[in-house]
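Chains as they are written, first to last, in numbering that gives the first Met the number 0: chain L, 0 to 155; chain A, 0 to 155; chain F, 0 to 155.
Keep in mind the hints are simulated off the structure, nothing from the lab. These numbers were taken from a predicted model, which means no experiment stands behind them. All residues carry an ideal CB built from backbone N, CA and C; glycine is no exception. One or more of the hints may lead you astray.
As the list claims (entries may be wrong) - From chain F, some residues computed to sit far from chain L (all C-beta separations above 10 Å): (1) K49; (2) H58; (3) E138; (4) E139; (5) N146; (6) L150; (7) V154.
What the hints assert, rightly or not - Listed below are the simulated DMTMM-like cross-link pairs for lysine to aspartate or glutamate, each with C-alpha atoms no more than 20 Å apart in a straight line: (8) F:K56 / A:E6; (9) F:K46 / L:D54; (10) L:K3 / F:E8; (11) L:K9 / F:E6; (12) A:K9 / L:E8; (13) L:K136 / A:E6; (14) L:K35 / A:E6; (15) A:K46 / F:D145; (16) F:K136 / A:E6; (17) A:K9 / F:D145.
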Amino acid sequence: MLSKQYEIEKIIMGRLSYDADLLEELTNFCNKNNIKTGWISVIGAVKNIKLGFYDQKMHQYVYPSDEDFVKSDFKKQNPELPDYEISSCMGNISIRDGKSFLHLHVVVSDRNGRCFGGHLMPGTIIYAGEFTIQVFKGEELVRGIDNETNLPLWVE
Amino acid sequence: MLSKQYEIEKIIMGRLSYDADLLEELTNFCNKNNIKTGWISVIGAVKNIKLGFYDQKMHQYVYPSDEDFVKSDFKKQNPELPDYEISSCMGNISIRDGKSFLHLHVVVSDRNGRCFGGHLMPGTIIYAGEFTIQVFKGEELVRGIDNETNLPLWVE
Amino acid sequence: MLSKQYEIEKIIMGRLSYDADLLEELTNFCNKNNIKTGWISVIGAVKNIKLGFYDQKMHQYVYPSDEDFVKSDFKKQNPELPDYEISSCMGNISIRDGKSFLHLHVVVSDRNGRCFGGHLMPGTIIYAGEFTIQVFKGEELVRGIDNETNLPLWVE
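Chain L with its partners taken away, still in its complex shape:
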């Protein structure tokens, strides 16, 4: 088990832009502001959601299809209204390929309260979003490919 120790440098609270890509806007913000290590949470609402699921046998990400989401009554009845609440979104900031990299997992909820969750992918579009970033100071946390899982995990 790997662990590293940090101090809190500062907190940033903010509001994401209407129509922004959730992952892209936060990633750009961290890179522009030199935020290399930290923790993030987001709540809000999205106009579209893109989730990933890591297939532990195939060693690759797969994606719930629209057909899976159609099982939600909401989308079946309102195909033109793919809006969801971000009921939970949290994760961390560390370094991958020399840049600030955000690893966020998300749970979204539809009009009937039903939840869908997974790894946050590009393509998740903000309707309204409020984030809190805890910025840490200390030794950089860096991702490299892990042999066992084929995932970009933190390495010594």
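Got chain L; can you put chains A and F on it based on the hints?
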């Protein structure tokens, strides 16, 4: 994109009261203790849940009905036992109309593990609840009505 | 309502071990490192999940069965692949019976994005896991049995 920078002033951990309204008790606590900016998380169990979902076309909140929740086997079989775990609850504290205002999103789970989520509304009643509040110091974050979404979002 | 005030002592970020029991590895880490009060979040993926649900009438934990999870198309179609994303996992550290005790709630998601949640139990096995621990300093928070709920809640 709007963002403001804060320092951590203190942390408060605590236990909510049996039969309290989750949103009301935390809001009163923040107002009484002059907590104007912060981040909150809660885990626990509730005796009743009231969720909101923001209809992005209608520009107003709608509410999953009891009928929607009935699709959960648990409530169908046990209508007199509407208890749920709070599997995730998190959000922020800022100022609205001159007072401390909490914006919390929640995921609850029923006896079969199935999840319902959304915007936390008054009417969610505590069975047991444990909260952590991070209190921030810095410039106030104030909500005003956003023209694009008709939501009370943070303004410059 | 009970509440206590803390300062942040430090932050620890780390990576859980492949095949570790999520709750056991984090609990051992806190006890070994003398972490008595804090807040934790985890994201990642698990090879198996064990959830608890507190029956508020029976005053005891019950557990979603495999049959409940089978309602997820994924497990029905892939009984040999019980992998889930940890879409949300958060909770607190306090003292119970003189030791560091972790109370964590979790939401996991399957291949179709569908979510299951509840109280994290031993038996939840890590595929990949990234945690953030906020370590607090201040008066110890201690659990004792609460008469009303029969739960080990924080006492004065």
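Status of the hints after comparison with the structure:
1. The beta carbon of K49 of chain F sits about 17 Å from the closest Cβ of chain L, which is more than 10 Å, so the claim that it is off the interface holds.
2. Residue placement check: H58 of chain F keeps its beta carbon more than 10 Å from all beta carbons of chain L (closest about 27 Å).
3. At roughly 21 Å, the least C-beta separation between E138 of chain F and chain L is larger than 10 Å, which holds for a residue marked as non-interface.
4. At roughly 21 Å from the closest C-beta of chain L, the C-beta of E139 of chain F stays outside 10 Å, upholding its exclusion from the interface.
5. Separation of N146 of chain F from chain L is adequate, the least Cβ-Cβ distance of about 32 Å exceeding the 10 Å criterion.
6. Residue-level check passed: L150 of chain F sits 23 Å from the nearest beta carbon of chain L, beyond 10 Å.
7. With a least CB separation of 29 Å from chain L, V154 of chain F remains clear of the 10 Å interface cut-off, as annotated.
8. For the hint linking K56 of chain F to E6 of chain A, the alpha-carbon distance of about 43 Å lies beyond 20 Å, and the restraint is violated.
9. The hinted pair formed by K46 of chain F and D54 of chain L meets the criterion: a straight-line CA distance of about 11 Å does not exceed 20 Å.
10. A C-alpha spacing of about 14 Å is found between K3 of chain L and E8 of chain F, which places the hinted pair at or below 20 Å, so the restraint holds.
11. A C-alpha spacing of about 14 Å is found between K9 of chain L and E6 of chain F, which places the hinted pair at or below 20 Å, so the restraint holds.
12. Proposed proximity of K9 of chain A and E8 of chain L is supported: the alpha carbons are some 14 Å apart, at most 20 Å.
13. Pair hint K136 of chain L plus E6 of chain A holds up; C-alpha atoms about 13 Å apart against a cutoff of 20 Å.
14. Distance check on the hinted pair: K35 of chain L and E6 of chain A sit about 18 Å apart at the alpha-carbon level, within 20 Å; holds.
15. For a cut-off of 20 Å, the pair hint linking K46 of chain A to D145 of chain F stands: about 17 Å separates their Cα positions.
16. Pair hint K136 of chain F plus E6 of chain A holds up; C-alpha atoms about 17 Å apart against a cutoff of 20 Å.
17. Simply put, K9 of chain A and D145 of chain F have alpha-carbon atoms about 27 Å apart, too far for the 20 Å limit, and the pair is violated.
Hint compliance for this structure: hints 8 and 17 are not met, and every other hint is.
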